[in-house]
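Let chain A serve as the given structure and place chain B on it in line with the hints.
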Amino acid sequence: EDQVTQSPEALRLQEGESSSLNCSYTVSGLRGLFWYRQDPGKGPEFLFTLYSAGEEKEKERLKATLTKKESFLHITAPKPEDSATYLCAVLIQGAQKLVFGQGTRLTINP
Amino acid sequence: GAGVSQSPRYKVAKRGQDVALRCDPISGHVSLFWYQQALGQGPEFLTYFQNEAQLDKSGLPSDRFFAERPEGSVSTLKIQRTQQEDSAVYLCASSLLRGLTYEQYFGPGTRLTVT
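These protein sequence lines map, in sequence, to chains A and B.
Going by this note's numbering, 103 is the number at position 103 of the first sequence; the sequence numbering is gapless.
When you read off a place in the second sequence, starting at 1, and then add 1000, the result is the number in this note's numbering.
If we strip away everything but chain A, and leave its shape as in the complex, we get (with noise of 0.2 Å):
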């Protein structure tokens, strides 16, 4: 069964204090990764799609790595409005759906 998992459920860091989230998936075959950033109340905002193992992207203090068993979120230096959960979710081959982690709740105290 295609299932992905997020770590930690929840992490509260000081600004300035750099840290990652964890993706790991355990799927048929990987069409490719995505990264959303969701804010309450809100519908989930497109950050990343990571389509093979070593390719990495970046956006403002943000980036994301791909191996073939996981990917990494990175948060450099990161600042109050950054606080959001962080969902990440994969496509799989043959299929159009998304498969979802439960997410990481980021709070980034001042």
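Treat the hints as calculated values from the structure; they're not laboratory data.
One should not assume that every hint holds.
As the list claims (entries may be wrong) - Listed next, the in silico PhoX-like pairs over lysine-lysine satisfying Cα-Cα at most 25 Å (straight line):
(1) Lys-68/A - Lys-57/A
(2) Lys-79/A - Lys-42/A
(3) Lys-57/A - Lys-42/A
(4) Lys-42/A - Lys-1011/B
(5) Lys-1078/B - Lys-42/A
Just chain B, lined up with the frame of chain A:
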């Protein structure tokens, strides 16, 4: 440009009532998806359209759930005889699905509360 819009944003229904949730996708996006998100969880797939064709409805939890997209643009998710377990946020997403572009862009969701 305009993103995905959904209406209503909030819906309160009494158990047993029927509800209809609307999604307006990004103009030109051929694919449209519905997801259900329970509190504190990631979204779960319900159904998928390519233009007006419903190609995957494997995630619909029961035959009380029905979705349509008759002209390949606006979509409606209908839930008949609502139950308390139907309370959730219903998200709509659209995608271009051209070449290697698979990103799905989400609307703000409709929060359904069944009392």
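Going through the hints against the structure:
1. Lys-68/A - Lys-57/A: holds, 16 Å
2. Lys-79/A - Lys-42/A: Between Lys-79/A and Lys-42/A the Cα gap is close to 20 Å, so the pair holds against 25 Å.
3. Lys-57/A - Lys-42/A: Within the cut-off at roughly 24 Å; holds.
4. Lys-42/A - Lys-1011/B: holds, 15 Å
5. Lys-1078/B - Lys-42/A: holds, 21 Å
The structure agrees with every numbered hint stated previously.
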